[in-house]
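K.L.:
As given, the protein sequences belong to chains A and B, one line each in that order.
Letter 81 of the first sequence, counting from 1, is numbered 81 in our numbering, and no numbers are missing.
Letter 102 of the second sequence, counting from 1, is numbered 102 in our numbering, and no numbers are missing.
Some chain A residues near chain B, calculated using beta-carbon distances under 7 angstroms:
id: 1; residue: F34
id: 2; residue: K42
id: 3; residue: G43
id: 4; residue: P44
id: 5; residue: Y92
These aren't lab readings, by the way, just hints derived from the structure by calculation.
Source: prediction; values computed, not measured.
All residues carry an ideal CB built from backbone N, CA and C; glycine is no exception.
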Amino acid sequence: EDQVTQSPEALRLQEGESSSLNCSYTVSGLRGLFWYRQDPGKGPEFLFTLYSAGEEKEKERLKATLTKKESFLHITAPKPEDSATYLCAVPYSGGGADGLTFGKGTHLIIQP
Amino acid sequence: NAGVTQTPKFQVLKTGQSMTLQCAQDMNHNSMYWYRQDPGMGLRLIYYSASEGTTDKGEVPNGYNVSRLNKREFSLRLESAAPSQTSVYFCASNRLGNTGELFFGEGSRLTVL
Numbered sequence: 001e002d003q004v005t006q007s008p009e010a011l012r013l014q015e016g017e018s019s020s021l022n023c024s025y026t027v028s029g030l031r032g033l034f035w036y037r038q039d040p041g042k043g044p045e046f047l048f049t050l051y052s053a054g055e056e057k058e059k060e061r062l063k064a065t066l067t068k069k070e071s072f073l074h075i076t077a078p079k080p081e082d083s084a085t086y087l088c089a090v091p092y093s094g095g096g097a098d099g100l101t102f103g104k105g106t107h108l109i110i111q112p
Numbered sequence: 001n002a003g004v005t006q007t008p009k010f011q012v013l014k015t016g017q018s019m020t021l022q023c024a025q026d027m028n029h030n031s032m033y034w035y036r037q038d039p040g041m042g043l044r045l046i047y048y049s050a051s052e053g054t055t056d057k058g059e060v061p062n063g064y065n066v067s068r069l070n071k072r073e074f075s076l077r078l079e080s081a082a083p084s085q086t087s088v089y090f091c092a093s094n095r096l097g098n099t100g101e102l103f104f105g106e107g108s109r110l111t112v113l
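Next comes chain B alone, as it looks inside the complex (with noise of 0.2 angstroms):
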């Protein structure tokens, strides 16, 4: 049981690169979420699919765009990154909207140069 899977682990970009953070669920849920986690920041939501086809800004979105391709994936694009976008990300899904019961995935670190 693989639950949530996210792909790569680790990558460095330069200033400008574009990439795109990939993110599986195999528990049929509904709801898929992207964080980043930040020294002194904590966890802040970037984007959410509360369904597929549908997609929301969260706390952070500048500078990011997600697409929900099905029920099982919900990808992270950055287009340009910045030395800013340096972080951990986490993906995670849930079965019905604000349960609270979140499962994550083990989380991508992304370093910008």
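Isolated chain A, as found in the complex (with noise of 0.2 angstroms):
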């Protein structure tokens, strides 16, 4: 059963579209939720964490909300340099104490 759970798969906007990305989770007792962009050929560079429900974090047209089921992850006037995949992830709860469960990722492209 995926823990995560991200929406839209794909999403293409124009230049200036606000929208939102969508990250549902399963996992009780929340120990953070992060948020990741993945560039074509790179690995995953971190963006942001949220603990708790109503928390907010802003990195320029980046903004990252927390409810308690889902997060948003919402974009403000687009520039086609935001173009990457964006992923969520909650803490592995496979019986360790660390590493990360990643969603699959919504591949966001912003046209000129």
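Each of the two chains sits in its own frame; use the hints to bring them together as a complex.
P.N.:
Here it is, written out as structure tokens:
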């Protein structure tokens, strides 16, 4: 059973067209919700950590929010350089105390 | 500042061959991880090491072995490669376990024929 589900799988926007990406999670006792950005041919790059419902974090045109069941990554007036795959993750619950479980990502394309 | 360095970047193997993927970090991090990334499957944790001298299985450990050689280095070994192990492999590290701020290498693309 997936712990982290992201939607949509892919999103194409025009430059300046704001939108939101969704990450829903099913873990209990959330110990953090993490957002990453991945460019083609590169490793993921950390963006944000959210720990409690109602928390918000911002970085340039990106704002991440958290509720008890899901997180949103809002992209305001995006530019072509915001094109990437955005991943969300929660702490791995496979019995150890380390690592992350990732969603499958949203592939975002911003057209000029 | 190199961060997390993986070698090799590309490798082609025949079924049954063995190889080791190398990973080194220069950030004095305690925890290190190996993930694989496949189309439609996302990133999946293979093995991790919370500290020097310890290793633990992740979601998909079958067919792999790891060694935490010292605090800097964490290697992933395929003893008898199979086509199902064709993937992009990422090594990552972080300062303390479970903070979620992982630093990733640029990946190693492995093809098993």
